[in-house]
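Peer 1: Residues per chain are reported as follows:
Number of protein chains: 2
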Amino acid sequence: MAEQTWVRLVTAQTPTNIAVIKYWGKRDETLILPVNDSISVTLDPEHLCTTTTVAVSPSFDQDRMWLNGKEISLSGGRYQNCLREIRARACDVEDEEKGIKIARKDWEKLHIHIASYNNFPTAAGLASSAAGFACLVFALAKLMNAKEENSQLSAIARQGSGSACRSLFGGFVKWIMGKTEDGSDSLAVQLVDEKHWDDLVIIIAVVSSRQKETSSTTGMRDTVETSLLLQHRAQEIVPKRIVEMEEAIKSRDFASFAQLTCADSNQFHAVCLDTRPPIFYMNDTSHRIISCVEKWNRSEGTPQVAYTFDAGPNAVLIARDRKAATQLLQKLLFYFPPQPDTDLNSYVIGDKSILKDAGIEALKDIDALPPPPEIKDAQRSKGDVSYFICTRPGRGPILLSDETQALLDPKTGLPK
Amino acid sequence: MAEQTWVRLVTAQTPTNIAVIKYWGKRDETLILPVNDSISVTLDPEHLCTTTTVAVSPSFDQDRMWLNGKEISLSGGRYQNCLREIRARACDVEDEEKGIKIARKDWEKLHIHIASYNNFPTAAGLASSAAGFACLVFALAKLMNAKEENSQLSAIARQGSGSACRSLFGGFVKWIMGKTEDGSDSLAVQLVDEKHWDDLVIIIAVVSSRQKETSSTTGMRDTVETSLLLQHRAQEIVPKRIVEMEEAIKSRDFASFAQLTCADSNQFHAVCLDTRPPIFYMNDTSHRIISCVEKWNRSEGTPQVAYTFDAGPNAVLIARDRKAATQLLQKLLFYFPPQPDTDLNSYVIGDKSILKDAGIEALKDIDALPPPPEIKDAQRSKGDVSYFICTRPGRGPILLSDETQALLDPKTGLPK
Numbered sequence: 017m018a019e020q021t022w023v024r025l026v027t028a029q030t031p032t033n034i035a036v037i038k039y040w041g042k043r044d045e046t047l048i049l050p051v052n053d054s055i056s057v058t059l060d061p062e063h064l065c066t067t068t069t070v071a072v073s074p075s076f077d078q079d080r081m082w083l084n085g086k087e088i089s090l091s092g093g094r095y096q097n098c099l100r101e102i103r104a105r106a107c108d109v110e111d112e113e114k115g116i117k118i119a120r121k122d123w124e125k126l127h128i129h130i131a132s133y134n135n136f137p138t139a140a141g142l143a144s145s146a147a148g149f150a151c152l153v154f155a156l157a158k159l160m161n162a163k164e165e166n167s168q169l170s171a172i173a174r175q176g177s178g179s180a181c182r183s184l185f186g187g188f189v190k191w192i193m194g195k196t197e198d199g200s201d202s203l204a205v206q207l208v209d210e211k212h213w214d215d216l217v218i219i220i221a222v223v224s225s226r227q228k229e230t231s232s233t234t235g236m237r238d239t240v241e242t243s244l245l246l247q248h249r250a251q252e253i254v255p256k257r258i259v260e261m262e263e264a265i266k267s268r269d270f271a272s273f274a275q276l277t278c279a280d281s282n283q284f285h286a287v288c289l290d291t292r293p294p295i296f297y298m299n300d301t302s303h304r305i306i307s308c309v310e311k312w313n314r315s316e317g318t319p320q321v322a323y324t325f326d327a328g329p330n331a332v333l334i335a336r337d338r339k340a341a342t343q344l345l346q347k348l349l350f351y352f353p354p355q356p357d358t359d360l361n362s363y364v365i366g367d368k369s370i371l372k373d374a375g376i377e378a379l380k381d382i383d384a385l386p387p388p389p390e391i392k393d394a395q396r397s398k399g400d401v402s403y404f405i406c407t408r409p410g411r412g413p414i415l416l417s418d419e420t421q422a423l424l425d426p427k428t429g430l431p432k
Numbered sequence: 017m018a019e020q021t022w023v024r025l026v027t028a029q030t031p032t033n034i035a036v037i038k039y040w041g042k043r044d045e046t047l048i049l050p051v052n053d054s055i056s057v058t059l060d061p062e063h064l065c066t067t068t069t070v071a072v073s074p075s076f077d078q079d080r081m082w083l084n085g086k087e088i089s090l091s092g093g094r095y096q097n098c099l100r101e102i103r104a105r106a107c108d109v110e111d112e113e114k115g116i117k118i119a120r121k122d123w124e125k126l127h128i129h130i131a132s133y134n135n136f137p138t139a140a141g142l143a144s145s146a147a148g149f150a151c152l153v154f155a156l157a158k159l160m161n162a163k164e165e166n167s168q169l170s171a172i173a174r175q176g177s178g179s180a181c182r183s184l185f186g187g188f189v190k191w192i193m194g195k196t197e198d199g200s201d202s203l204a205v206q207l208v209d210e211k212h213w214d215d216l217v218i219i220i221a222v223v224s225s226r227q228k229e230t231s232s233t234t235g236m237r238d239t240v241e242t243s244l245l246l247q248h249r250a251q252e253i254v255p256k257r258i259v260e261m262e263e264a265i266k267s268r269d270f271a272s273f274a275q276l277t278c279a280d281s282n283q284f285h286a287v288c289l290d291t292r293p294p295i296f297y298m299n300d301t302s303h304r305i306i307s308c309v310e311k312w313n314r315s316e317g318t319p320q321v322a323y324t325f326d327a328g329p330n331a332v333l334i335a336r337d338r339k340a341a342t343q344l345l346q347k348l349l350f351y352f353p354p355q356p357d358t359d360l361n362s363y364v365i366g367d368k369s370i371l372k373d374a375g376i377e378a379l380k381d382i383d384a385l386p387p388p389p390e391i392k393d394a395q396r397s398k399g400d401v402s403y404f405i406c407t408r409p410g411r412g413p414i415l416l417s418d419e420t421q422a423l424l425d426p427k428t429g430l431p432k
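Chains R and W supply the protein sequences, listed in that same order.
Quick note, the first sequence lines up with residues 17 to 432 if you use our numbering.
Quick note, the second sequence lines up with residues 17 to 432 if you use our numbering.
Hints were generated in silico from the structure; no laboratory data involved.
Mixed in with the good hints there might be a few duds.
Copies of one chain are not kept apart here, so a pair can be met inside one copy or by any two copies together.
Claimed, not checked - For lysine-lysine, the following BS3-like pairs were computed, each having C-alpha atoms within a straight-line distance of at most 30 Å: (1) K42 <-> K311; (2) K42 <-> K256; (3) K339 <-> K372; (4) K380 <-> K398; (5) K392 <-> K86; (6) K42 <-> K125; (7) K432 <-> K380; (8) K372 <-> K158; (9) K117 <-> K398; (10) K266 <-> K86.
These numbers come from a predicted model, not from an experiment.
Given these sequences and hints, build the entire structure.
Peer 2: Structure follows, in structure tokens:
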């Protein structure tokens, strides 16, 4: 293969996901093999996703990566694992139009450029690494013409970030923990696609926090090593919940879905608390949101909203339908109004049509919201929530064939 | 027995206690039988105690009770259980000096007046009901000349409030869950008295809270009914911890004691979180106190302080010795200084000699405290703690023979 100036680009977009039956605890730290199955819902990439462009060119002299415009190191084991595994599955590539021809054996010598961008704040605790590694693996597989199905790719993405494997599909996804030592059967499968249960509406409350949080990698390790409750959860409780959750999802049984989702979120945080030293991801604002949802659900007699919290204080609220979501947003904005100088457009982002349904067009409409009747002496506290994201269950990874959407320059292979 | 005007009084003082291996969950709601053994340390009654005067007179026409000066109803089952059980054990009483003679059978017809007073805020979540029921049962037993030992009395106090049974002794106390259906073997025994480990110093942070808390009776019931982790805790984990904790106490092994105390407090709060709906007793301030203690213990290489939290946000901190307690108080006052208009004398109460050892004589000394070196960017937040109580392990119930300390008038049997 002679020195040439061509650059081959692939751009993909991958969603993030939120677990409704939680993954917490690894049985193998390097391969990232979990102690139990987990189930997630994929979030609409229109509101939360990672876009990644990968490029190959004989002119590149090393692997490089840019995250949100800033170059970062690829030396970490997790990136290296993903690159190695995809390279091992690379096939011949021929692009007649561009005159590019890459033989299978060439991939070992060719270097890669990667540019990745999240359409949401990376630091907000919204599973950016899940979307990121899923997108990296998906894009690299397409670039290198790897023939693996998404489930196979999910087992590679898993080695970047465990929950990334669940971002290879839309709708509801199960990560099967697997049994083999090499982790080859620890992969994601789609339970149902995003059209199966399209009544659901998701509102995320991004909660302000003073506290620096324990990373989920460190936290999980500490829990596995010190919690006396984790093994009981993983071996006795979760397997039953997985069966029940699959059934609830398949039959669109919102009452069961909500009960399982809330219980499993709480139990995940319970085993965090049972860790030495204890891990607190939820804060007083998270607790208030739970209390608000629990009281409303109780007053309605049947669940309107499920809540789930990952390794941080943000609440992910899943409403049974659009009507419930509209009421939920009104209640949330009553309890957590924005600071006076906030732009409503940046306080409620994503699918703004729910805001319109809720009759809120300006900050004064928030001030005028009535207190939810199910809570006595409801207090309003400004500043406890940074912003809300309105979204819904969404689709899996896609390729963006329009080169104008690429994050790398098709001539230089460097960030645009 | 002819109509007479005499009044017979007994006044007792009983300590409160804090569990280091927690009681959470009943297997019998009426008899108050727990799902596991628990172990507590009795707090010095000089700083936290209940004083109760009980009186009997042929002139009383009904049972009456005053709590902190206010008459309350005795119709609740818990009061009735205690009154009934002690009356069943009453014996002949003869007071030659006063010319009082009460035959065993008369107790069924005689009415009782009760006045009880806590030397600490009742609503502050400091186990006032434990000290209260222990004191009621102890005082009634003396009044009625019941011959039962304190362990037998503890089984009666237990029927008023579970943890009350542990307030019948000083030092470290074990509540044995028992096996019989009638609860007769569910009682407290003293492990060691208060002199056995007199190095320990206890500092209680009374934490400000906006939230109304779930009562422990309701909370426990919900946990028993809905938590999938509680039974595992009660059956598999606590029995081992009880053995280890007894050993740690007997050998004054502070490192083991601290590790077990903290782990068990955290696990109790974990099962609360695993309850439907979840129960949160600790708040962000509680979490900050834990974090402060954990980081300090870690930086010292060996535990200096154990923490434990009951059904509320207040921290009970047990320091290994006076030196550790002095440093702890400095750290706590650094993180949680009083509001500017606070009187230092009401911000740190109890054993104020620790304040003196810490070199703090005025609010300006608190302002001048250096940040604890083990925490980077240590923030100070005024108003998160209401006040601190400095105390130590203490003795069990005593009789106050000096009638001037009685809460009821020896002539009328009414509150003074």
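Peer 1: Hint by hint, note whether the structure agrees.
Peer 2: A quick look at each hint next to the structure:
| no. | hint | in the structure |
| --- | --- | --- |
| 1 | K42 <-> K311 | between (35 Å within a copy, 25 Å between copies) |
| 2 | K42 <-> K256 | both (19 Å within a copy, 26 Å between copies) |
| 3 | K339 <-> K372 | within (12 Å within a copy, 62 Å between copies) |
| 4 | K380 <-> K398 | within (14 Å within a copy, 32 Å between copies) |
| 5 | K392 <-> K86 | between (49 Å within a copy, 27 Å between copies) |
| 6 | K42 <-> K125 | neither (33 Å within a copy, 67 Å between copies) |
| 7 | K432 <-> K380 | neither (41 Å within a copy, 57 Å between copies) |
| 8 | K372 <-> K158 | neither (40 Å within a copy, 71 Å between copies) |
| 9 | K117 <-> K398 | neither (59 Å within a copy, 68 Å between copies) |
| 10 | K266 <-> K86 | neither (42 Å within a copy, 59 Å between copies) |
This entry does not satisfy hints 6, 7, 8, 9, 10, going by the numbered hints stated previously.
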